[in-house]
Structure formats: structure tokens, C-alpha cells
Amino acid sequence: MTRWWWLGLMLCVGLPATVRAQAVNTIDPARSAMTFVATQMGVPAEGAFKRFTAKIDFDPAKLAASQARIEVELDSFDSGVAEVDTEVKTKGWFNTAQFPTATFVSSALKALGANRYEVAGKLTIKGRTRDVTAPFTVRQDGRAMVFEGAFTLRRLDYGIGEGPWSDTDTVANAVQIRFKLTGTGKK
Amino acid sequence: MHRPYAATAILLHWLVAVLILCGAVLGLYMVGLPLSPAKLKLYSWHKWIGVSIFLLAVVRAAWRLTHGAPRMPEATPPWQRGAAATSHLLLYVLIIAIPLSGWLMSSALGVKTVYFGALPLPDLLAKDKALGDQLKLVHQGLNLTLAVVVAIHVAAALRHHFVDRDDVLHRMLPFVRPRPRG
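Taken in order, these protein sequences are the chains called Z and C.
Residue numbering for the first sequence follows our numbering, beginning at 6 and increasing consecutively.
Residue numbering for the second sequence follows our numbering, beginning at 1126 and increasing consecutively.
No false leads were mixed into what you were given.
Once the Cα atoms are required to be at most 20 Å apart in a straight line, the calculated EDC-like pairs of lysine to aspartate or glutamate come out as:
| # | chain 1 | residue 1 | chain 2 | residue 2 |
| --- | --- | --- | --- | --- |
| 1 | Z | LYS131 | Z | GLU167 |
| 2 | C | LYS1237 | Z | ASP83 |
| 3 | C | LYS1254 | Z | GLU88 |
| 4 | C | LYS1164 | Z | ASP174 |
| 5 | C | LYS1254 | Z | GLU51 |
| 6 | C | LYS1164 | Z | ASP90 |
| 7 | C | LYS1164 | Z | ASP172 |
| 8 | Z | LYS185 | Z | GLU78 |
| 9 | C | LYS1237 | Z | ASP174 |
| 10 | C | LYS1166 | Z | ASP90 |
| 11 | Z | LYS60 | Z | GLU76 |
| 12 | C | LYS1164 | Z | GLU51 |
| 13 | Z | LYS55 | C | ASP1253 |
| 14 | C | LYS1237 | Z | ASP90 |
One-sided excerpt, in silico: chain C residues whose CB lies under 8 Å from chain Z:
| # | residue |
| --- | --- |
| 15 | SER1161 |
| 16 | SER1169 |
| 17 | LYS1237 |
| 18 | VAL1239 |
| 19 | GLY1242 |
| 20 | LYS1252 |
Read the hints as simulated data drawn from the structure, not as lab findings.
Note that beta-carbon positions come from the ideal geometry of N, C-alpha and C, so glycine has one too.
Just chain C, with the same shape it has in the complex (with noise of 0.2 Å):
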């Protein structure tokens, strides 16, 4: 039987995937809507949201390179260990980079961060309208390549439940202990 991850790195991830799922629910929502004061609200809210998920971020990668990951099943064919570990290394990337270019971004536009109204980050660009256009686009693409690797994890965390009927997904969810090996 395999060990499943730790409690903390399984509280951690399906922390940062709930958060994510709020933030980008949230900034799909909210960039159309007309000025008002809801608006402003909710573009704090997925702020918050963002600070919030940086961290986790930094945490995890950190609990990671202290900790290690349970090993893969031994009959995992090499291009699978191998896209694993991409993708999993390009999941911490972006979710600490996604954050970040929010921050830039806003900054460049002259807004910012408040970290629940109370904490303010410092603006590590001047403002420049012109600069802040091109980080939004940078935002975007990075969310959207998340959005891309994300189905691919979500995918192979799936075919691994359903077709290879192994413990994978298993040792990733709460709750549970790894399915007895037949």
C-alpha cells in the first residue's frame, strides 16, 4: 500500500483549489459588471483571494521541498512520471506567478492592495497606464494556461481513479485512507 500525503499537504491543496476556484469565479464575474459599489467589493474580495493563495503557495512549495511527495505506483510508465512532475511543478509556478502579475498589474493601474482593508502591500510598480494594460494581458494568459493544466491534472487524476484503478487519487483526499491494494 502506498503512503498517502501528509494531512497539512492535503489541507493545503484543497485550500489553494478552493480559493482558486472562488478567485477565478469571482474575476470572470466581476470584470464585466458596470462601476458600482458591488464591483469594488468584489474585486477586493479576489484580491484577497489572490494575497491568500500566494502564500498558501509559498507554504506548500515549501512543505514540498522539505517533504517530498508519496512515490507514484510502481507500473507508471515513464512519460506519466514525467508529465506529473511537469505539471505539477508548472501548477506551483503559476499559482504563485498568477498572483503576482494580479499585484503588478494593479499596481501599474494605480490600485492598491489592501490586504482586508487593513495590510497594504507596497506598490512595486509606478503607475503606468500603458504598463498595466500589457500585465493584464499577462494575467490573463497565465490564467489561462492554468485553466489548461488544471483540466490535464484534474484528467489524470480521474483516469487514474476510474481506468488504472489505483490509490493516486486517493491519497490526495480527505477523509479517506488508500483503497486496499488487490
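Chain Z on its own, in the form it takes in the complex (with noise of 0.2 Å):
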């Protein structure tokens, strides 16, 4: 009997845990992305990460307590050019060998209204840190919540694209970001 003693201990402490509102902790890469658009001489190229993590608390009535980490495998670059995903992986563009994540760490989030958020937090890519921002909605996808937004982010502020390519005439250094996050809907 002292089994089911244990038990029923267990369920009282995690209780609180797991039926905290709208608490999000990993993500179903299959209904998420990660995409991109950079611009080359004026032409918006696409591609994606294929592969990343995240992990997301978010409680629209705590916001102070929520938060998100998310991890991108630089590795998964994916532009649909096999020369520019070799390309990019080396040295002078994300030196995926020596470092083969992007992090990005919320701190704060901000309400903007009518399932509209603002998350602040700080985006490290190739051992730099910069503040960045963006705005994103919330939705309810059957048990699951959905988090869709987008931001900009400057190359250069990263080193991503050294020498030759840090000529922002031909590879802008604007890239926009955009990013769709599908909670697992476990709770």
C-alpha cells in the first residue's frame, strides 16, 4: 500500500503544475516553422530551418511569469539552393562548426490587445547578443496554442556574411524572420 501512498503524493504536488491556464512547454515541429527572407539584388529569397526547439510558457493573465527559449539548429539552414546551404554554414557566414545555435531568451512580453503580444528578449547568434523584439498573436488551435510573428533582424549585427559579403548592396542586411510556433497541447 505505501506505493499508491507515494502516488497519490505525487499527483497533489504536480497537480498545480499541470493544470496551470494555457501552459505551453515544447512544441510539435510538424505544425511550427522557422522561415526566412533574406534579399539578394533585390530579390527576396525564402528558406526555412527545418530544424529547432522551443519552449514556451505563456499565461495571458501572468505575463510577467511567462516566458520562451527558443533553440535553432543552424545546421538546418534550408534555402532550396545546395550552394548557398554549403555556403552559409561556413566561416564567414554562420560558422555552424563552431557555432551551431542561434538562442533566442525572452524577458519580457508586452500585451498590444486583441490576441496581439510583443515579446522582448535577447537573440544570440555566433556568440553575439543583441536586444530584439516582436510582435506576434496567439491562437487557439484545439488544445493546442499557436504562436505566429515575425521580426527583422540586421546580419551584420552577427557577423553572418564576413568580407566579401558584408556588402549589403548585393545581400541586404535586413532578414526578416518569421516564426510559427504550435504548442503540443499536452497538459
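Build the complex from these two chains, which are given one at a time in their own frames, with help from the hints.
See below:
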């Protein structure tokens, strides 16, 4: 009978965490996307990062306690052009051998009204950390929450594309990052 | 004395000729380059030249259809008239088809064409690598055909000028009047 007593205790301790309203812990990769739009010679070049993880604790009623941590595997860069995908892994670009991950850690959340929010945080790529803010929307998809938004970063802030590639007339400095993160819906 | 081509026709002819030469030289040079900012620039310039040729080709075709062309010298044998008409038609078809094939190829390979970096052209094809590779062969094949037809076109013009000693070349040259008939 001792085992049942332990189970009861675990349930009591675990329950408050599991019933907390709309907390999302991990994301469902199949229903999430991390895409980018760079510009070369005025031509928008779209692509995606195929592998990333996110841990999001979001409660509209407790924004101060809400937080997110997103990690993107830079090796999973996919522009659809093999020559480009190989190039961006090199030292002058992402240097993925030394810096395999881009990390975003939220620091503050702000409600903008009508299911719109703004997250501020620190984005670290290639060992360089910069402040970023991104507006996003939140909607419910079944039991899962869907976070969708976009922001623009300056690639040279992170040393993405050094040497001859730092010429912004060819590859623009501004790169738009779009994200769609769908929670697993597990509570 | 034969009527020369109109100034508009002469201007369009040489403009397209110069653009074709630039586009071809750029195209042959750029494909072998390793990925670099210079390569991206050259590809864009090549595409802008191609779009320009296409637009000028459409204007030229419209001009030709509405204005016609000067008549051939009386002495021209029928086979030469036939050859001239065929090669001219082929040239018109090619200067329209080659930029089109490049544009379609670019779309299929997933790279949009943005004229002068400012005017985006619609993608007529969805991204499809295999189709893009096939269109690359079409683009190359059409260009090879163009090279052959242009070679014949130039050879014929030079033959008229230096062998037949008529005014066929003269009537397409800017700034000169047709040579007096001897």
C-alpha cells in the first residue's frame, strides 16, 4: 500500500503545475515553422530552418511569469539552393562548426490587445547577443496554442556574411524572420 | 536605289544585338564562378539584360508586323529569299523564347526575377528543381541554336556586302546612306 501513498503525493504536488491555464511546454515540429526572407540584388530569397526547439510558458493572465526559450539548429538552414546551403555554414556566415545554435531567450512580454503581444528578449547568434523584439499573435488550435509572428534582424549585427559578403548592396542587411510555433497541446 | 530600314528598326536591331552579345558573354562567364557577391550581381545583370531583350523583341516584332521590311535586291535568287525569311523569323522567335526560358528556369529553380532589382516578375512556375534543370537544358539548347542562326545571319550580311557588293548590309547600318547603285 505504500506505493499508492506515494502516487497520491505525487499527484497532489504535480497537479498545480499541470492544470495551470494554457501553459505550453514544448512545440510540435510538424505544425511549427521557422522561416526567413533575405534579399539579394533586390530579389527576396525565402528559406527555412528545419530543426528548432522551443520551450514556452505562456499565460495571458500572468505575462510577467510567462517566458520562452527558442533554439534553432543553424545547420538545418534550407534555402532550396544547395550551393547557398553549403556556403552559409562556412566561417564567414554562420560558422556552424563553432556556433551550431541560435538562441532566443525572452525577457519581457507585453500585451498589445486583441490576442496580439510583443516579446522582447536576447538573440544570440555566432557568439553575439543583441536585443530583439517581435510582435506575435496567439490563437487556440484545438488544445494547442499557436504563436505566430515576425521580426527583422540586421545580419551584420551578428557577423552573418563577413568579408566580401558584408556588401549590403548585394545581400541586404535586413533579414526577416517569421515564426509559427504550435504547442503540443499536452497539459 | 533601295529603301533602307527605318531609323527605329535600325536602332532596335543594334540595341538588341549589343544586348545579346553582353548577355551571352555574361552568361557563359558567370555560370562557372564560385558563389560570391560578384556572381549574384552578374546573374541579376544577365536577367535584367534578358528581360530587356524580351521587351525590345516584342516591340521589334510589332514594328516588323506593322511596317514590314525593305524589299530584297531584284537579283536575289529564290533560295536566298527563303533562307533570309526563315532565318529572320527564327531570330524573332529565339529572342522572345530565350528570355522566356531563362525566366521560367529561374522560377522553377526558386529564384525570382526582379527587373533592375525593383520590379518583381511573377513566377509562372512553382519551385521544382527537376523541371528547373530541364529548363536549363532548354535555355542552353535555344542559345546554341541562336548562335548558329546569328552566325548564318552575319555571314549572309557580309557576303552581300563583300561578295555580291549590294546594299543589303548598308540599309541596316546606322549613320550611312545606301551605296549608290553602280
